[in-house]
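Asks: Combine the two chains into a complex, taking the hints into account.
Protein sequence lines, in the order shown, are assigned to chains X and W. If you want the numbering used here, it's the position in the first sequence, counting the first as 1, plus 714. If you want the numbering used here, it's the position in the second sequence, counting the first as 1, plus 11.
For the record, the hints were derived by calculation from the structure and aren't laboratory data. Hints are supplied without guarantee of correctness; some may be wrong.
DSBU-like cross-link-like pairs, simulated, lysine-lysine; straight-line CA separation at most 35 Å [stated by the list, open to error]: (1) W:79 / X:723; (2) W:83 / X:809; (3) X:860 / X:828; (4) W:83 / X:723; (5) X:828 / X:760; (6) X:716 / W:122; (7) X:768 / X:871; (8) X:860 / W:18; (9) W:18 / W:79; (10) X:854 / X:834.
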Amino acid sequence: MKYFLRTLKRLSPAPLVHAHCDGPCGVYDPAQARVSAEAVVSMTKKITELERPKSDAAEDWANYHNTLSRYISIKEEESENTKHHLLVLWTDYFKPEHLEQFPDLHGLFWKAAKAASACKHEVSSHHAEELLSFVEQVHKIFWQTKDREVEWVLANKK
Amino acid sequence: MGPGEQKIERADFGFSVREALLWALRKRQRFSIAGLSMEPLLSAGEDVLIRPYSAGERPHAGDVVVLKHPAKELHLIKIIHRISAEEIELRGFNAEHSTDSRDFGNVDEAKLLGRLTVILG
Chain X
715 MKYFLRTLKR
725 LSPAPLVHAH
735 CDGPCGVYDP
745 AQARVSAEAV
755 VSMTKKITEL
765 ERPKSDAAED
775 WANYHNTLSR
785 YISIKEEESE
795 NTKHHLLVLW
805 TDYFKPEHLE
815 QFPDLHGLFW
825 KAAKAASACK
835 HEVSSHHAEE
845 LLSFVEQVHK
855 IFWQTKDREV
865 EWVLANKK
Chain W
12 MGPGEQKIER
22 ADFGFSVREA
32 LLWALRKRQR
42 FSIAGLSMEP
52 LLSAGEDVLI
62 RPYSAGERPH
72 AGDVVVLKHP
82 AKELHLIKII
92 HRISAEEIEL
102 RGFNAEHSTD
112 SRDFGNVDEA
122 KLLGRLTVIL
132 G
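If we strip away everything but chain W, and leave its shape as in the complex, we get (with noise of 0.2 Å):
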């Protein structure tokens, strides 16, 4: 299933108090989006909130994650497009216009810092 089928939308990620309030008490990462490759669900210079996965918990093609890049000391956003035992396949939203698994090869589940919560703007 790739990003386009599955219907992504920016209100699945609108703002929540509980969200905030988990973010005051650390159990959330803020980031802030640069480039262009997630629009238009995402766009430069927006925040979003991270929740990182817990204990046992696998990822799923569709989520929006936040990634090390394999090759490079910078974080990423992108989507799942696939998922399989050992390894994790990434798409940007925008994939025209994305730097993703089709250029750094698929990643481990262990680069992954965790799954978008809430899109602060």
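Same shape as in the complex, but just chain X (with noise of 0.2 Å):
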């Protein structure tokens, strides 16, 4: 029977019929956004530190000018990331159900994309440790969602 079975399926496969979830494997984490949104907070700090150099060598401008942009293109790479990751929990993972349960959810990831968003485009520390709270805020929820505690860690020290 079963040699059969494997028989028919190779020599005329059936056609498909689909089963699907739109991610690939069900698999989602708001950690990706945690680290992205860390990653926003830890730019901005640098960024605001970054010390000017005392002499007026080009070379030590140069390198300055180097550190800065290249802070200041992972900060604006890193919010996309945090919104990108946001975006997908809330238009792929939460359902209608969610929302009956968590009804300011779509306020919470509304401000969230917000507050990427100026982080992108400004140098601010207020609005990058809100856009960390955000991601907390939907960290607490999903976990909820799925009934399971899993503690809000960060990569960096504070």
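Replies: If you want it as structure tokens, here you go:
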């Protein structure tokens, strides 16, 4: 019987019928947004604390501008990544029954996405911390929907 | 009634010679499962047989059905979660990892190709 079925499948494959979820594996985790948001906080801090060269040496200034540009570039990239990871959770993971349980969910994601945009075009430690705190709220809601207690842990010590 | 409350089991869809003969007579359609939303009832790569609803027959909540996706050119396999005179609400067996009526809305009966009779494996 098994041999017959195997042969049948090989010689005459049946048309596919999809039992699908949009995420290919259903693996979602706000940790992705958290790591990016932490990077935004870190880069914002590095930008504001970067010391200007004391000399007029061209190389020192070139290095200064090079470092500053890299910090800015990473801050913008990670702000965008945070927004992307949040939007994936919002649009793909969360479902209407979660909204019934957490009526402020849409507002939270909207504010978080706005904060991510602000972090991208500003140098604002206030907005960076705000973004991280929105991600923390998403983390708490996310794991509640899975009936799991997962501690909010930061990679960077404050 | 939700899929979780209906106790749908693999044993309900065991192999039968009658169904195999009906498939040979082209009274059943064979499909191959792709995706995870019907785990653990149905796994990716398994073949199943589907019986079209006969004239006048109405689907029921709990039927495992193959349907045309309301917006895309593909076939889905889902469970009827609720049914009314006008529309049918579908869920995956593994509701947490399913794209179903919660995403694409309810469907009408004309979208259904038939109900699952046998899991060939």
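Asks: Work down the list of hints and note, for each, if the structure agrees.
Replies: Consistency of the hints with the structure:
no.	hint	result
1	W:79 / X:723	23 Å, holds
2	W:83 / X:809	20 Å, holds
3	X:860 / X:828	26 Å, holds
4	W:83 / X:723	25 Å, holds
5	X:828 / X:760	22 Å, holds
6	X:716 / W:122	32 Å, holds
7	X:768 / X:871	30 Å, holds
8	X:860 / W:18	22 Å, holds
9	W:18 / W:79	25 Å, holds
10	X:854 / X:834	24 Å, holds
Hint check: no violations occur; every hint is consistent with the structure.
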